[in-house]
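Peer 1: Chain by chain, the residues run as shown.
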Amino acid sequence: MPIETTNYMLLGFAVAFITIGLHLVSFPLRTRNLKADLQALETVPKASAKATGKKTVAKKAAAKKAAPKKAAKKAAKKVAKKTAKKTAKRTARR
Amino acid sequence: MASTSLDRKPRALHVLDIVSALLMAATIYMVLFYAPTERVMGQVQRLFYLHVASAWVSMAVLILAAILGIVYLVRPQNKIDIWAVACIELGLVYAFICVTTGAIWARPAWNTWWTWDPRVVTFTILILVYLAYMLLRQGIEDPQRRARFGAIYAIMASVTVPLTYFSIRIWRTLHPVVIGSGDPSAQGTFDMTRPMLHTLLFSLLAFSIFGFTLLWHRVRLGWLADRVEQLRMKALGR
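Those protein sequence lines, which keep their order, are chains P and E.
Taken in order, the first sequence gives residues 45 to 138; the numbers are from the numbering used here.
Taken in order, the second sequence gives residues 429 to 666; the numbers are from the numbering used here.
What the hints contain is simulated information worked out from the structure, not anything from laboratory work.
Just so it is clear, the structure is predicted and the values come from calculations on it, not from any experiment.
Glycine included, every Cβ here is placed at the ideal spot set by N, Cα and C.
Some hints could be false.
To be verified - 25 Å max Cα-Cα, derived DSS-like pairs, lysine-lysine:
id, chain 1, residue 1, chain 2, residue 2
1, P, Lys-79, E, Lys-507
2, P, Lys-117, P, Lys-129
3, P, Lys-133, P, Lys-121
4, P, Lys-130, P, Lys-118
5, E, Lys-507, E, Lys-437
6, E, Lys-507, E, Lys-662
7, P, Lys-133, P, Lys-118
8, P, Lys-121, E, Lys-437
9, E, Lys-437, P, Lys-79
Said to hold, decoys possible - Here chain P is said to cover these stretches of chain E; the calculated rule only asks that three of the stretch's residues, wherever they fall, bring their Cβ under 8 Å from a Cβ of chain P:
id, stretch
10, 505-516
11, 521-535
12, 572-578
13, 582-588
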């Protein structure tokens with residue numbers, strides 16, 4: 045006949061799963077705190093730039109990213125204008 | 429790391445979350461209902477399945493952290509440091525579970541919560557060494573210095589893992605030898621019935637997959653923390 049040790053088993057299970065549970069709960073909490081920090085840090089340079097009138101790092105990066113897109117748009121507009129002129133000339137000749 | 433990869437959880441991680449939850453539920457079922465009750469110790473012996481599985485995962489991830497430490501020293505990359513820290517945090521959590529379940533089992537089995545047994549002492553030293561790692565890291569501000577220090581520390585601290593594993597063969601101990609109990613150098617043997625062995629192997633698998641899932645989540649958290657730190661450094665003009 046085994047000795048009665050059910051309470052110890054339950055205690056062991058409780059400790060193990062509470063520890064795992066606390067570790068699991070810490071993930072969304074830490075993520076939330078870090079995201080709040082991230083937002084705060086992203087707004088700090090914007091606010092300081094507004095105050096000083098300088099471009100922020102984020103704005104500069106956005107401008108850099110947007111630069112090739114602007115050039116491509118200009119080129120596309122030029123091509124469209126040229127083709128429109130050509131078609132107009134052709135129709136005039138006819 | 430781009431914000432999109434941080435915000436969006438990968439589909440594989442979603443699948444792993446579900447798989448590990450199901451495996452853990454199945455483990456609890458097997459431990460409580462499939463495995464037979466031990467003849468002498470009774471119900472408390474069921475803690476053995478959690479105890480061994482958590483010891484296995486903690487030792488595996490701590491060794492992985494040491495390997496990552498070597499990799500970092502050869503090729504210093506921030507992401508390697510993030511993985512190493514995640515490994516050590518997970519190893520600490522599992523080592524804590526291992527030691528506490530062991531102490532709770534020891535109370536009815538050895539009639540004491542704590543004894544100066546070589547396995548118990550070496551495992552506690554392991555926990556303290558890695559706790560010191562987490563605390564010391566907090567004290568270094570420069571990320572590169574911190575990562576280099578962490579890599580060297582993780583390599584040095586990994587000595588405690590084989591020391592803990594082999595302690596029951598090196599010194600006379602009360603602790604039963606589960607893996608390789610047929611070895612003549614083993615002090616105590618541990619015979620298991622087939623359902624007990626199945627439960628042990630299943631819990632090892634479930635804890636390993638669950639451990640990997642937690643590791644992945646922790647690494648994602650590390651990426652986010654790294655991004656915050658980079659922005660903070662930029663804001664401070666360093």
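Peer 1: Hints first: check each against the structure and report whether it holds.
Peer 2: Evaluation of the provided hints:
1. For the proposed pair Lys-79 of chain P and Lys-507 of chain E, the alpha carbon gap of about 19 Å is at most 25 Å, so the pair holds.
2. Restraint check for Lys-117 of chain P and Lys-129 of chain P: satisfied, since their Cα atoms lie roughly 18 Å apart, inside the 25 Å limit.
3. About 18 Å separates the Cα atoms of Lys-133 of chain P and Lys-121 of chain P, which keeps this hinted pair within 25 Å; it holds.
4. The suggested pairing of Lys-130 of chain P with Lys-118 of chain P holds, with an alpha-carbon distance near 19 Å, which does not exceed 25 Å.
5. For the proposed pair Lys-507 of chain E and Lys-437 of chain E, the alpha carbon gap of about 18 Å is at most 25 Å, so the pair holds.
6. Taking the CA atoms of Lys-507 of chain E and Lys-662 of chain E, the gap is near 19 Å; set against the 25 Å cutoff, the hint holds.
7. For the given pair, Lys-133 of chain P sits about 23 Å from Lys-118 of chain P by alpha-carbon distance, which is consistent with the 25 Å threshold.
8. A C-alpha spacing of about 40 Å is found between Lys-121 of chain P and Lys-437 of chain E, which places the hinted pair above 25 Å, so the restraint is violated.
9. Distance check on the hinted pair: Lys-437 of chain E and Lys-79 of chain P sit about 15 Å apart at the alpha-carbon level, within 25 Å; holds.
10. Only when three residues or more bring their CB closer than 8 Å to a CB of chain P does the claim for the stretch 505-516 of chain E stand; here the count is 0, and the claim is violated.
11. Requiring three or more residues with a Cβ within less than 8 Å of a Cβ of chain P, the coverage given for the stretch 521-535 of chain E holds, as 8 such residues are present.
12. Here the stretch 572-578 of chain E counts 0 residues with a CB under 8 Å from a CB of chain P, which misses the bar of 3, and the coverage is violated.
13. As drawn, the stretch 582-588 of chain E meets chain P at 0 residues by the rule of a beta-carbon pair under 8 Å; below three, the given contact is violated.
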